[in-house]
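Protein sequence lines correspond, in order, to chains U and B. Heads up: the first sequence begins at 1 in my numbering, then just goes up one per residue. Heads up: the second sequence begins at 1 in my numbering, then just goes up one per residue.
Hint data in this document are derived by calculation from the structure and do not stem from the laboratory. Fair warning: there could be bad hints in the mix.
[Claimed, not checked] The calculated DMTMM-like cross-link candidates involving lysine to aspartate or glutamate, where the alpha carbons are at most 20 Å apart (straight line), are:
#	chain 1	residue 1	chain 2	residue 2
1	U	Lys-238	B	Glu-343
2	U	Lys-332	U	Glu-274
3	U	Lys-44	B	Glu-65
4	U	Lys-238	B	Glu-327
5	B	Lys-276	B	Asp-331
6	U	Lys-238	B	Asp-345
7	U	Lys-348	U	Glu-310
8	U	Lys-44	B	Glu-7
9	B	Lys-69	U	Asp-22
10	U	Lys-238	B	Asp-331
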Amino acid sequence: MALTKEHYQAFEAIVGPQRISDDPVDLDAWAWRSGQAAMAQDFKPRFEAIVMPETTEEIQAIVRACNKFGVQFKASSTGWGVYCDAGGPGCIKLDLRRMNRIIEINEESMYAVVEPYVIHAQLQAELMRRGFCCNVNGAGGITSAMPLAAHEGIGHMSGTCSISERNQLALEWVTPEGEVIRTGSLAAVGEWFCADGPGPSLRGVIRGNVMPLGGLGVYTKAAVKIYHWAGPPTMEVKGNSPNYVMQNPGNFLLRYLSWPTEEGRAAGIQKLGESEIAFGIMGFNPNMVAANVATSNEEELVLTAQYAKEIVGPGFCLVLMGNSPRDFEYKKAVLEQIIKDTGAASLKAVEEGDVHDAFVWRFIRVTASIRETMRGTGVFGGEVFGTDCYRVMSNFIQHSRVDKQDLIDRGLVYPDSIDPFITSLEQGQFTHSEVLLRWTPAPDVAEAAMEYVGKSNANAVNGHYGLPHHLFNDFQHDFFGPHTSNYTYWLRRIKKSFDPNGVSEASNHITAKDV
Amino acid sequence: MPLKDYEADMESCCRCSACKFIPLEKITGQEHSNACPSISHFDFHSYSGGGRMGFGLGLIRGRVEYTPKTAEVVYNCNLCGACDVSCKYGMEFDVLEPLYAVREGCVENGQADPAWNKLVEAMEKQAPVTVGSLGKRAEWHKGLKVKDYVTEKAAVVYHAGCLASTDAAGGKVAKAAASLLLKAGLDVGIAKNQELCCGGRSYEMGYRAAAMEQAGLNVERLKQSGATELVTGCAHCYQYYKVLYPKLGLDTGLKVTHITEKLAELVQQGKLKPTKAVDMTVTYHDPCHLGRLAEPWIGWQGVQRERHFRVYDPPRTLRRGAHGVYEPPRDLLKSIPGLRLVEMDRIKEYAWCCGAGGGVGETNPEFAAWTAGERLAEARATGAEALVTSCPHCVRNLAPSGSDLRVYDVVEILDKAI
Chain U
1 MALTKEHYQA FEAIVGPQRI SDDPVDLDAW AWRSGQAAMA QDFKPRFEAI
51 VMPETTEEIQ AIVRACNKFG VQFKASSTGW GVYCDAGGPG CIKLDLRRMN
101 RIIEINEESM YAVVEPYVIH AQLQAELMRR GFCCNVNGAG GITSAMPLAA
151 HEGIGHMSGT CSISERNQLA LEWVTPEGEV IRTGSLAAVG EWFCADGPGP
201 SLRGVIRGNV MPLGGLGVYT KAAVKIYHWA GPPTMEVKGN SPNYVMQNPG
251 NFLLRYLSWP TEEGRAAGIQ KLGESEIAFG IMGFNPNMVA ANVATSNEEE
301 LVLTAQYAKE IVGPGFCLVL MGNSPRDFEY KKAVLEQIIK DTGAASLKAV
351 EEGDVHDAFV WRFIRVTASI RETMRGTGVF GGEVFGTDCY RVMSNFIQHS
401 RVDKQDLIDR GLVYPDSIDP FITSLEQGQF THSEVLLRWT PAPDVAEAAM
451 EYVGKSNANA VNGHYGLPHH LFNDFQHDFF GPHTSNYTYW LRRIKKSFDP
501 NGVSEASNHI TAKDV
Chain B
1 MPLKDYEADM ESCCRCSACK FIPLEKITGQ EHSNACPSIS HFDFHSYSGG
51 GRMGFGLGLI RGRVEYTPKT AEVVYNCNLC GACDVSCKYG MEFDVLEPLY
101 AVREGCVENG QADPAWNKLV EAMEKQAPVT VGSLGKRAEW HKGLKVKDYV
151 TEKAAVVYHA GCLASTDAAG GKVAKAAASL LLKAGLDVGI AKNQELCCGG
201 RSYEMGYRAA AMEQAGLNVE RLKQSGATEL VTGCAHCYQY YKVLYPKLGL
251 DTGLKVTHIT EKLAELVQQG KLKPTKAVDM TVTYHDPCHL GRLAEPWIGW
301 QGVQRERHFR VYDPPRTLRR GAHGVYEPPR DLLKSIPGLR LVEMDRIKEY
351 AWCCGAGGGV GETNPEFAAW TAGERLAEAR ATGAEALVTS CPHCVRNLAP
401 SGSDLRVYDV VEILDKAI
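When you get a sec, could you build the whole thing from the sequences and use the hints?
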């Protein structure tokens with residue numbers, strides 16, 4: 001439903017007249033959708049108003065008003081993902097930009113407490129000054145550092161630090177009815193060190209398998225684990241944008257390794273996990289390496305061709321960080337042994353000099369994700385698969401290779417290499433895979449992308465590979481539910497219980513239909 | 001170009017919000033990590049580079065109209081180009097150029113700022129475009145023995161700029177600059193009381209036709225001068241002559257140089273020798289128009305040569321702010337005995353704007369002052385005793401009465417040392 005004057009005035013009374021707008025200029029700024037997983041590049045439904053709260057109390061009041069009026073809301077921070085958009089009319093946007101405080105960095109207990117609009121690059125920089133770091137989402141340093149703001153939170157440090165589910169500690173949550181719930185230690189003793197006790201955990205409710213993506217209230221503050229950092233407090237970076245080059249402090253090393261077979265890559269990942277030497281690790285194909293190094297699309301084409309000649313098969317990128325000269329030498333020696341034992345080839349073009357040093361910092365700060373996904377074609381999508389053991393994911397992506405090659409052969413997506421993205425989590429205990437498709441928006445391509453996701457879903461079911469992570473709506477949930485113990489029954493009951501009026505807009509989560 | 005011509009660029013915005021922050025590799029803490037004064041002050045997404053792409057597409061497609069609210073959002077932007085630099089770290093499309101085009105749309109649709117309507121009318125009468133400057137062209141060069149290039153041949157034209165005519169501090173700097181050029185033995189000429197506004201600020205405010213007319217007058221006069229080099233005292237004028245004129249298809253035929261470039265060259269050649277110590281710790285503020293916006297104009301038109309990958313025929317090279325005038329002013333400061341230069345967090349291509357850009361100084365002085373306040377706080381954090389810059393607009397906006405931080409033009413400091 002459209003906002004009435006009464007509704008608008010009620011929201012205005014909460015945040016003040018300068019912090020709410022229903023002008024088309026402000027609404028269309030949020031309505032344009034290009035880029036991520038966009039089946040078609042176009043305007044999405046406008047929000048009825050943009051509201052900019054600054055505190056948990058304001059959010060609570062807005063959410064209660066939404067329940068009273070039957071108006072939907074959707075909160076988001078920097079706004080990259082499609083899940084930040086309105087699913088239809090009758091929804092207001094809670095733009096959390098004003099909630100950008102780092103509440104606490106606790107060096108003793110090794111956590112940081114952040115609000116939603118603190119971005120990873122900011123938090124990482126503050127932590128590095130104190131000798132710590134955090135896992136930065138693969139989506140990039142530009143995304144929210146809150147470990148619940150987007151999807152799984154798989155990043156370049158997930159090999160050692162895992163994903164957001166493991167890094168989230170205590171949480172403050174405004175439920176879809178406007179109740180403020182504090183979880184874990186925050187509820188019991190007012191401290192942020194634990195997500196699961198002695199207060200209520202609610203981890204499964206809050207996160208689910210793939211996060212509610214804006215469809216289950218608003219997460220207003222959260223604690224995130226922080227980790228040891230052996231680099232300098234600030235990284236010295238020379239040059240002008242986009243040609244930045246890190247002054248290598250001497251204890252970082254980056255390699256892109258490839259193997260002739262998927263078996264070889266699997267063996268490499270296993271040995272790296274066992275040795276625990278990698279600070280960062282991420283599955284890249286030659287095109288993703290080129291996108292990191294190249295500062296333009298023209299250069300990316302040239303480098304992709306150059307790297308493809310040298311790369312022998314599936315590969316990944318890794319960074320070593322030495323805690324001392326002796327530790328660094330040890331890690332380098334172990335890496336050399338693993339390369340030798342598994343028959344890996346190291347991409348010479350990124351092994352040394354400015355290219356190496358620039359890539360190291362880009363990899364740690366995670367600044368090239370936009371280059372990898374969006375710069376080349378403007379739009380990317382594909383499948384986002386699950387988190388399981390390496391062999392399961394490795395087998396699954398064999399199907400994805402075939403299906404992507406089919407789209408390439410038909411000229412429907414950019415032929416950027418069929419090698420899927422697959423990365424090790426928790427020292428090889430788990431693995432996550434995705435397949436990146438990039439294309440120029442057009443109806444035939446949008447149709448093909450949907451066809452691809454359909455094939456991927458069928459592969460998952462027929463091969464018993466588990467649930468993917470691209471469960472962004474009712475359609476996907478309804479497809480997988482019957483194959484997976486009808487989990488949708490319970491997920492919808494959770495949604496209904498916490499959001500009886502259906503005001504937390506759930507077009508990218510699950511609705512409580514049929515409950 | 002009309003806004004419609006930038007449609008494909010604007011469609012490329014994936015709303016990643018990179019435009020709101022300095023390039024991520026340069027972030028050293030949460031403080032001073034913002035790039036864009038407009039979104040930092042007004043918060044709504046529409047005030048960011050990305051948001052402006054969104055509603056710009058709305059304007060093209062008739063979803064949004066040119067209204068007073070549109071104008072309010074459009075003109076509360078410093079046009080500083082920081083969003084453009086941050087975006088182009090990762091992406092390949094123009095963010096800044098559509099912002100100029102949407103201002104033209106505001107003028108065409110009767111939504112220009114009334115204050116600027118008056119100023120442009122004044123300029124069309126061949127007066128400077130700065131408030132209160134009418135009839136003051138003759139003041140800054142009083143007592144200076146310098147040629148009038150309108151009537152005498154000179155190898156080098158020194159263009160002081162409108163602020164030199166209206167602002168006492170600006171006039172003092174212009175006089176010092178011309179004196180230094182003469183001291184170095186250059187054959188310098190100025191237009192004295194006939195100097196024309198370069199027209200650039202009217203272009204920035206959306207008055208393309210008026211800017212073109214004014215620029216045409218300048219081109220004609222400069223061509224007739226017989227000079228080979230045009231030295232500008234004002235960073236804005238520099239950017240307009242160097243970048244805007246070629247963008248508008250105009251060519252003066254003269255090499256365009258900023259005063260800091262010329263003075264650095266003269267110091268390097270030993271024609272000017274800073275010998276007197278200036279015992280001071282300073283920090284340098286990069287003016288947007290001398291820095292990221294001063295990269296030479298690259299005109300491009302072409303077609304995408306592959307269906308799915310954005311490479312073009314001919315190849316498209318984007319201006320990314322890397323090739324601005326960053327080192328000459330620093331070289332000058334470093335050449336001064338006793339002077340210590342300390343850098344702020346945001347410098348060069350990702351410097352924070354002084355607040356005066358985009359006509360904001362005239363249309364929204366409160367926002368301009370807020371932006372300046374942010375910069376002054378950043379400068380103070382370096383421990384510097386003074387902030388030095390090389391643009392009269394920056395000096396004026398950064399030096400409000402009562403400030404504890406002294407603000408100088410580089411030329412003033414160099415003048416003290418020679």
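> Under the criterion that the straight-line Cα-Cα distance not exceed 20 Å, is the pair Lys-69(B), Asp-22(U) satisfied?
Replying inline: Cα-Cα ~11 Å, so holds.
>> Can you confirm whether the C-alpha distance between Lys-348(U) and Glu-310(U) stays at or below 20 Å?
In response: 8 Å, holds
> Between Lys-238(U) and Glu-343(B), is the straight-line Cα distance small enough, at 20 Å or below?
Replying inline: OK: Lys-238(U) and Glu-343(B) at ~14 Å, within 20 Å.
> Between Lys-238(U) and Glu-327(B), does the CA-CA distance stay at or below 20 Å?
Replying inline: With Cα atoms ~14 Å apart, Lys-238(U) and Glu-327(B) stay inside 20 Å; holds.
> Is Lys-238(U) within 20 Å of Asp-331(B), Cα to Cα?
Replying inline: Judged against 20 Å, a Cα distance of about 17 Å means the pair holds.
>> Checking one constraint from the list: CA of Lys-332(U) to CA of Glu-274(U), max 20 Å. Satisfied?
In response: 15 Å, holds
>> Tell me if the straight-line CA distance from Lys-238(U) to Asp-345(B) falls inside 20 Å.
In response: 14 Å, holds
> Within a Cα-Cα threshold of 20 Å, do Lys-44(U) and Glu-7(B) meet the stated pairing?
Replying inline: 17 Å, holds
>> Between the alpha carbons of Lys-276(B) and Asp-331(B), is the straight-line distance 20 Å or under?
In response: Roughly 16 Å between the alpha carbons, so the hint for Lys-276(B) and Asp-331(B) holds.
> Are Lys-44(U) and Glu-65(B) close enough, with their CA atoms no more than 20 Å apart?
Replying inline: Holds, at about 18 Å.
The structure shown violates none of the earlier numbered hints.
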